[in-house]
Amino acid sequence: MIRLLLWLLGGILLGGVVHLASVLALPRTASQDAYSRLSPITPVNAFAALPVPSPDSAMLPFMDPAFAVAVCRYDVTNAPVKVTSPVGQAYTSISFYTRFGIAYYAINDRAAGRRVIELDLMTAQQRNALPEDEEVTAADRLIVESPTPTGLVVLRVLSPEPGAMPLARGIVAAANCQPNPGS
Amino acid sequence: MRLVLGSFFAFLVAAVLGLGATWLALSKGTAFGAVTIGAWTAFPKNGTTEIDPYSRAFIARTGELPVGSGDGIAFLARADDQGRPFDGRCEFVVSGTTPPARFWTLTLYDPDGRLVANSLSRYGFTSQEIVRRSNGSFDIMVAPRARPGNWLPTAGVEHYVLVLRLYDSPVGVATRTGREASMPAISQGQCP
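Protein sequences, first through last, are from chains W and G.
Under my numbering, the very last position in the first sequence is 183; numbers go up by exactly one each time.
Under my numbering, the very last position in the second sequence is 192; numbers go up by exactly one each time.
Same shape as in the complex, but just chain G (with noise of 0.2 Å):
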């Protein structure tokens, strides 16, 4: 009887414990492998086959397909350079110059992965779109009223990610830092 209710007791344990971690790792998303350059966070073993078991299974639930590193490298934030939070009801503004690519697209999806509707239908830019200065360098202002120049619009979702693709870029699995790649620096502007 001893031994019966003890493995229940184990095997409970286990499934509690085991299921839970594989739950929270899975939600949470992964750290492994992740290149982290300002606010900007990109897994560059996810477009090869060194993928790793936990990026894997998060991305057989989610249903994403990764970049390819023949292809190109998407960096991914959800805060500012300060770890301020987006939130659409507030402006943020993405400037300064990209890492060497051939094109590259900026991208505003909610944490899910979906486009957010707006009046105008712009849910990103691709680099030749965007208006520069002339040194090349750029202001996108994301926010949810218009700004003139480029203007992203976050129709005032609470929460959002901004997805930065270089295309035929040098920068992948061999980068370590900032100083091999300069990706635009995130501030926040005006906040109601």
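Next up, chain W with everything else stripped away, as it sits in the complex (with noise of 0.2 Å):
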């Protein structure tokens, strides 16, 4: 009887284990994750515009109807990436996400401060062998950088009202993501 318990036991505690390891495996197992959801439509380091969620079909859960939205599937692992985007009327966002989802950075049009959002999307290395003086002229360059060498880039435009989403769907097609080995 002793020895049944203490199996038990030994059973219950290994669950744990059991359960805090699947738990932390399973971002790098989900095969309906959004990078996976994306990839057939993304191309890699380019903007690709999603179509506008409707109940029938629509590429994530929880998308925002309001909103034109476009992705940019990036890899940086051979060259740094250049992110442009005009700003819309009302308000522009771009996000970026590792592989796994994870928000590391958000920035929106008034943040950035200007007409055209530019972003410089790097590796922590790329970055550290920008030339010293490079850095000091490019004061006003915003660089981003990736956790991950592959990621999403999701850009936002809002539509404040329906009439306004062709408007918002052009500025989300003007959208730029492309290597920028120079950088």
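If you're looking for bench data, these hints aren't it; they were derived computationally from the structure.
Ideal Cβ placement from N, Cα and C applies to all residues, glycine included.
Just to be clear, a hint being listed does not mean it is correct.
One-sided excerpt, in silico: chain W residues whose CB lies under 10 Å from chain G [claimed, not checked]: (1) Leu8; (2) Leu13; (3) Leu14; (4) Leu20; (5) Ile41; (6) Phe62; (7) Thr84; (8) Val87; (9) Leu158; (10) Pro162.
Some residues of chain W that are not near chain G, with every Cβ distance over 12 Å (derived) [claimed, not checked]: (11) Pro43; (12) Ala90; (13) Arg114; (14) Arg141; (15) Pro166; (16) Asn176; (17) Pro181.
Need the complex rebuilt from these two chains, each delivered in its own frame; the hints are there to steer you.
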């Protein structure tokens, strides 16, 4: 009897380990996470506009239907990526997610403070390799450090009323995301 | 023989308990770092790199991308201020004012995050579309049948959730209570 209880206790303790390990491992094994869902329609290092969500189809759950959205699935392994986007009349934001969906940086048009948002996305090593003086001359350059070599850049342009959606989609279509070896 | 049987038993207990707890935690959602104001709950840390492992696993499974903290914050409600769960056959009124934000949107989803089909193709409101009183407060009627003013159709679905997103708002990781962020009240109206 005691022996059985000991085995049970061991099983419970091991169960705790299994629980923690499975929670930690899940993001790496998930096949339906945002990155996997978006991969079929997004080329690497280029913006692709997402269709406006509707009741029948949405690329991702809980998308805000008031926004025109474009996604750039980036890969900065070989070179930094330059992200540029004009800003909408109402509200524009650019959010950066790691390969596993962690929002590590987001900026809106007002925080960026200009008519065109321009960001240089790179790894920590690439940033350290930047020439010192260039860092000074480019003081107003926005540099974003990506914790993972791949991930998602999500551009969102608000359409404050349904009639403004074509305009918002036009802004999204004018955005750019491309490798920039020179930076 | 005893050793084999015993360890088999222990492994079985471990697998059932461990995976069961994981499944339970992920299907119920998690409550770490939640900010609850009235009927509304937000997880401000989900928009940062400090997101907890449970929320990470949860969003990896659902496939959603959380609103980044530099972008805004999303509050979700499943029930009114009295705790009565939303029912698309009843009327619920979202009224009052929102915390400071450059823009906000209110959207109705089914519990899985899909938009709900309706004859108007209206899935939500933005702060610019809302009809307000002279003091800036508003009423949004979430109801199955047409209402004057701000009508958000439920199409009669049994369960739904409301998501209020504040964009470019001081509300965020540092917010703790309703005194810092006055969220709109939610009350039940007519119910057949």
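Hint by hint, here is what the structure shows:
Checking Leu8/W against chain G by beta carbon gives a least distance of about 6 Å; that is within 10 Å, so the hint holds. Nearest Cβ of chain G to the Cβ of Leu13/W: about 8 Å, under the 10 Å cut. The hint holds. The closest approach between the C-beta of Leu14/W and any C-beta of chain G is roughly 4 Å, which is under the 10 Å cut-off, so the hint is satisfied. This hint holds: Leu20/W has a C-beta 8 Å from the nearest C-beta of chain G, less than the 10 Å allowed.
For Ile41/W, the shortest C-beta to C-beta distance to chain G is roughly 14 Å, which exceeds 10 Å, and the interface hint is violated. At its closest, the beta carbon of Phe62/W sits 4 Å from a beta carbon of chain G; the interface hint therefore holds under the 10 Å criterion. The criterion of a C-beta within 10 Å of any C-beta in chain G is not met by Thr84/W, whose closest approach is roughly 18 Å, and the hint is violated. Taken as an interface hint, Val87/W does not check out: its beta carbon lies about 12 Å from the nearest beta carbon of chain G, beyond 10 Å.
A cut of 10 Å between beta carbons decides the hint on Leu158/W: the least distance to chain G is about 6 Å, and the hint holds. For Pro162/W, the suggested interface contact is upheld, since its CB lies about 8 Å from the closest CB of chain G, less than 10 Å. Listed as outside the interface, Pro43/W is consistent with that label: its C-beta sits roughly 18 Å from the nearest C-beta of chain G, beyond the 12 Å cut-off. Remark: the non-interface label on Ala90/W conflicts with the geometry, its nearest Cβ contact in chain G lying 6 Å away (cut-off 12 Å).
No beta-carbon of chain G comes within 12 Å of the beta-carbon of Arg114/W; the shortest separation is about 16 Å. No beta-carbon of chain G is positioned within 12 Å of the beta-carbon of Arg141/W; the least distance is around 17 Å. No beta-carbon of chain G comes within 12 Å of the beta-carbon of Pro166/W; the shortest separation is about 16 Å. Every Cβ of chain G is farther than 12 Å from the Cβ of Asn176/W; the closest lies at roughly 20 Å, confirming the non-interface assignment.
No beta-carbon of chain G comes within 12 Å of the beta-carbon of Pro181/W; the shortest separation is about 27 Å.
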